[in-house]
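Construct all of the structure, not just a fragment, from the sequences and the given hints.
Heads up, the first sequence is in this note's numbering, so the first residue is -12 and it goes up one at a time.
In case anyone wonders, no lab produced these hints; they're calculated from the structure. What you are looking at is a predicted structure, and each value in this text was computed from that prediction instead of being measured. Ideal Cβ positions, reconstructed from N, Cα and C, are used throughout, including at glycine.
Simulated pairs of lysine-lysine, PhoX-like, Cα-Cα distance not exceeding 25 Å: (1) 255 / 268; (2) 277 / 261; (3) 229 / 277; (4) 229 / 268.
Cβ-Cβ distance ranges computed for the label pairs, FRET-style: (5) 258 / 289: 12 to 22 Å; (6) 264 / 127: 52 to 62 Å; (7) 261 / 285: 21 to 31 Å; (8) 80 / 313: 35 to 45 Å; (9) 194 / 319: 47 to 57 Å; (10) 78 / 4: 16 to 26 Å.
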Amino acid sequence: MLVGWFEQNARDLPWRRTNDPYAIWVSEIMLQQTQVRTAIPYFERWMRALPTVESLARISSGRLHKLWEGLGYYTRVRNLQKSARMICQDHNAQFPQQYDAVRALPGIGPYTAGAICSIAFNQPTPILDGNVIRVLSRVFAITSDPKEPRTNTLLWQLAEALVTRAARLSPPSGCLPCSALNQSLMELGATLCTPRSPSCPLCPVQPHCGARQRGIQEQLPLPARRPATTQRHFLAFLVEHKERYLVRQRPDGMVNAHLWEFPNAEVKAPLSTKLDATARKMGLRIIDRKPLCTLKHSITRYRITLAAHRAEVVNLGTLADGHWFTRRQLDRLAFTSAHRQILRAATL
DNA sequence: CTCCAGGTTG
DNA sequence: CAACCTGGAG
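Laid out in structure tokens, this is it:
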């Protein structure tokens, strides 16, 4: 019934048009922490640029990060390449099919390993992501915190029982029952069994849904409590000289590692009286005290306000890690979303 | 505007 | 268990 609904209502997504485990792996990594709508154009561009594991293993770091620019969580893309190199070394460039070998690749945890093995290889491996947690919490009316170890174990057991039963039932010919079952659960969570205002009247499972019967579907699953946020303020400087712009690359091991950005510094106060002093410390002088743009963004628990100002160079030696690039060259570098926005504001 | 969602890692 | 990032919903 659920699978029947899925076969009638599945969205036509690019990674559903392939059974190449490499493509399915790439799509699953992109879909970690990322909305389907956002991932689609990235996936299509990626598969054109890097159609095989070997091409991923060989691509330069710069081009690799550019393909991921704007998706966030950039360790994902470095883990993709690290895994591709492991696959070339240890698996003869063939994507492994054993669950344990899949799980051993960096960036692949229990969810992603289960998703790849079930979707690409039709193995009865369970999956439990945010969508499935929501669907199972509601169908089985689980009122305890899904993050709590006992409840989490129960949810994994339910997911496993469902996919195992799907494998056992004699399938209609030409159907991949484990793949279809797991994708059905996720599709239901993504389209009908949504976090807020679920579309219960359209749901194929509605007659069997414990939460719906009790009228508590809107309250499940129990929301996670979130950490307190911290305000932070940054000043960034757009330095243009002879048609070139001053940028730097963030070092390994920090937030947004390997991505490019404009020179910037954290300041204590939002409307900084330290604007000139901050610039001077970096060997720069403010041209226009009116910001080129101000923008807000968040990284984990930090709420960041960033103001960008045009500036000029006073002392070139102070910014040791600076590089000068033309506008055209900047377009080939991977920037964080915040700094890509500065560039857009500057050259619009 | 604020709040929220979301897998893996160290 | 905190850190990682961005886009979308309300």
